[in-house]
Structure formats: structure tokens, C-alpha cells
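Hey, can you work out the whole structure from these sequences and the hints?
If you use this note's numbering, the sequence shown corresponds to residues 1 to 251, in order.
It is possible that part of the hints are untrue.
Listed next, with one range per pair, are the computed distances between beta-carbon atoms [said to hold, decoys possible]: (1) E81 / Y120: 18 to 28 Å; (2) P215 / Q77: 36 to 46 Å; (3) A86 / M10: 12 to 22 Å; (4) R117 / A166: 32 to 42 Å; (5) L179 / E81: 17 to 27 Å; (6) L2 / W214: 24 to 34 Å; (7) R88 / L33: 38 to 48 Å; (8) L233 / V3: 23 to 33 Å.
FYI, nobody ran anything at the bench for these hints, they're computed from the structure. No experiment lies behind these values; they were computed from the predicted model shown. Quick reminder that beta carbons are idealized off the backbone N, C-alpha and C, glycines included.
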Amino acid sequence: MLVLGMLFHMKHVSRSPFDLAVFVVVPVVQATLAVYLFRASAEPQKLLQAAVGAGMMGVWSSVLFGAGGAIQSQRWQGTLEMLMLAPRRPVMIFLPITLAQGAIGSYALLATLVWARVLYGIRLDFARPWAFLVTAPVTVLSLGAFGILLASLFVLLRHANALQNALEYPVWLLSGMLLPISSLPAWTGPLAAVLPTTWGARAMREATAGGAVWPSLAWCAGISAICLALGALSLVHVERRARAAATLALA
Numbered sequence: 001m002l003v004l005g006m007l008f009h010m011k012h013v014s015r016s017p018f019d020l021a022v023f024v025v026v027p028v029v030q031a032t033l034a035v036y037l038f039r040a041s042a043e044p045q046k047l048l049q050a051a052v053g054a055g056m057m058g059v060w061s062s063v064l065f066g067a068g069g070a071i072q073s074q075r076w077q078g079t080l081e082m083l084m085l086a087p088r089r090p091v092m093i094f095l096p097i098t099l100a101q102g103a104i105g106s107y108a109l110l111a112t113l114v115w116a117r118v119l120y121g122i123r124l125d126f127a128r129p130w131a132f133l134v135t136a137p138v139t140v141l142s143l144g145a146f147g148i149l150l151a152s153l154f155v156l157l158r159h160a161n162a163l164q165n166a167l168e169y170p171v172w173l174l175s176g177m178l179l180p181i182s183s184l185p186a187w188t189g190p191l192a193a194v195l196p197t198t199w200g201a202r203a204m205r206e207a208t209a210g211g212a213v214w215p216s217l218a219w220c221a222g223i224s225a226i227c228l229a230l231g232a233l234s235l236v237h238v239e240r241r242a243r244a245a246a247t248l249a250l251a
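Shown next as C-alpha cells:
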């Protein structure tokens with residue numbers, strides 16, 4: 001059922017010209033900007049790290065806006081209530097959506113690397129290529145699991161799009177997807193440490209430039225699992241509130 005739900009949501013997204021345009025074009029634009037920002041560096045490896053970082057930005061945007069947009073769409077179509085009242089655990093209803101968005105976001109990672117290689121001639125010389133092949137899908141799935149916690153907030157909030165806009169750029173910066181966390185103020189360190197995106201971006205960077213990949217990847221998966229559990233509990237609370245007050249569409 002999980003796989004079928006993912007496939008159904010991916011087909012649903014493919015029917016939207018706007019979503020297709022965003023998911024196809026935006027990652028390429030981000031990769032172009034990232035490469036030009038880092039082009040002045042004397043280290044060629046920095047360009048590859050910039051391309052990978054831009055890909056991670058695309059994955060995060062896909063999960064954030066895709067999950068929130070899907071739930072808002074269900075609310076506008078009047079089907080959110082039926083989803084929440086289905087005889088299944090709420091987490092099993094929304095998990096396929098967030099995982100599908102993570103899978104769609106994996107295109108951003110692939111597209112940025114291909115774009116950087118074909119257009120700018122950046123060599124894809126990963127320090128640990130096999131570790132990168134493992135890290136990329138695990139990170140994408142972990143961010144999809146993290147999306148469940150976001151989904152519970154989107155179900156609860158009537159104007160989820162406002163939260164989406166508020167979370168996109170701060171999480172990019174806090175996670176060090178493009179710029180090193182060390183360049184940020186010291187007080188941001190604890191905030192960055194609790195985000196799975198931080199550890200996922202670090203694992204990807206270490207697989208690209210060299211470093212201890214597996215501890216960072218383990219932290220990413222572990223924090224995402226905690227977020228998945230918290231999101232599942234939150235969705236149960238939202239379901240009970242909806243049943244009691246009958247105000248899910250206006251919650």
C-alpha cells in the first residue's frame with residue numbers, strides 16, 4: 001500500500017503543469033547560481049560540492065512544498081476530511097505523499113549533477129563514490145520521513161503556504177547545504193544539530209569531498225525516525241480534534 005500510494009501521488013503531481021515546471025526548472029536554476037557563486041574558488045572540488053548542495057536544496061524544497069501543497073490541495077478539494085476519516089492510521093495516509101515528494105526531489109539531485117557536468121564541465125570525482133550512492137537515497141528517504149512531522153503541521157494550519165515560505169530559506173542556511181555552518185552565528189549550532197537536513201547535507205558533503213560519512217548518515221536517519229514518530233503522534237491528535245470539533249477544513 002505504501003508503494004501504491006507513492007506511485008499514485010507521483011502520477012497526481014505529473015498531471016499538474018505548474019508542479020512539473022517547478023520541479024524541473026528550479027533545480028537547474030539553483031545549480032547554475034551555485035556554480036557561479038563558487039566558480040571563483042581555487043579548489044575545483046568546491047564546484048562539485050556546490051552542485052551537490054544545490055541538489056539537496058531541491059530535495060528539501062520538494063518535500064516542503066510538495067507535502068504542504070498536496071495537503072492544501074486536498075483541503076481545497078474537500079477530500080482532506082475523507083482522508084483523515086479513512087480506516088487507517090493517519091501516518092500511513094500521509095507517509096506515501098511525503099516519501100513520493102522525496103523521490104521526486106531526487107530528480108533535483110541528479111539534474112544538478114548532470115547540468116554541472118554537461119554545461120560547466122565539472123568532473124564528478126567523488127572522494128567516496130560508493131558511499132555517495134548509498135548516502136543519496138538514504139538521505140532522500142530520511143527527508144521524506146521528516147516530512148511527516150511537517151505534514152502534521154500543515155494539516156493543522158489553514159494557511160500552510162505561509163509556513164512553507166518561512167521554512168525554506170532558513171533550513172537551507174541552518175543545514176549548511178550550500179554555505180558552511182561555521183560561517184553562521186554560534187547560537188545557530190544547536191538549532192542546526194536537531195535538523196535531519198543538517199546531517200544529510202553533511203553526509204553528502206563528506207561522500208563528495210572525503211570524511212566520515214556513516215556517523216552523519218546515522219544521525220540523519222535517527223533524527224528522521226524520531227520526527228516520523230512525533231509526526232505520527234501529532235496526526236493522531238489532529239484526527240481526534242477533527243472528529244471532536246468537525247472543523248478539519250478550518251483547523
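Against the structure, the hints come out as follows:
Judged by the Cβ atoms, the range 18 to 28 Å given for E81 and Y120 is violated: they are separated by roughly 49 Å. Separated by about 44 Å at the C-beta atoms, P215 and Q77 satisfy the suggested range of 36 to 46 Å. Against the hinted window of 12 to 22 Å, the Cβ-Cβ separation of A86 and M10 comes to about 20 Å, which satisfies the hint. Restraint check, R117 to A166: a C-beta distance of roughly 34 Å satisfies the suggested window 32 to 42 Å.
Remark: the range hint 17 to 27 Å for L179 to E81 is contradicted by a beta-carbon distance near 42 Å. Range check, L2 to W214: Cβ separation about 26 Å, and the 24 to 34 Å hint holds. Between R88 and L33 the beta carbon distance is about 42 Å. The supplied range of 38 to 48 Å therefore holds. The hint said 23 to 33 Å for the Cβ distance between L233 and V3, and at roughly 24 Å that hint holds.
The earlier numbered hints that this structure contradicts are 1, 5.
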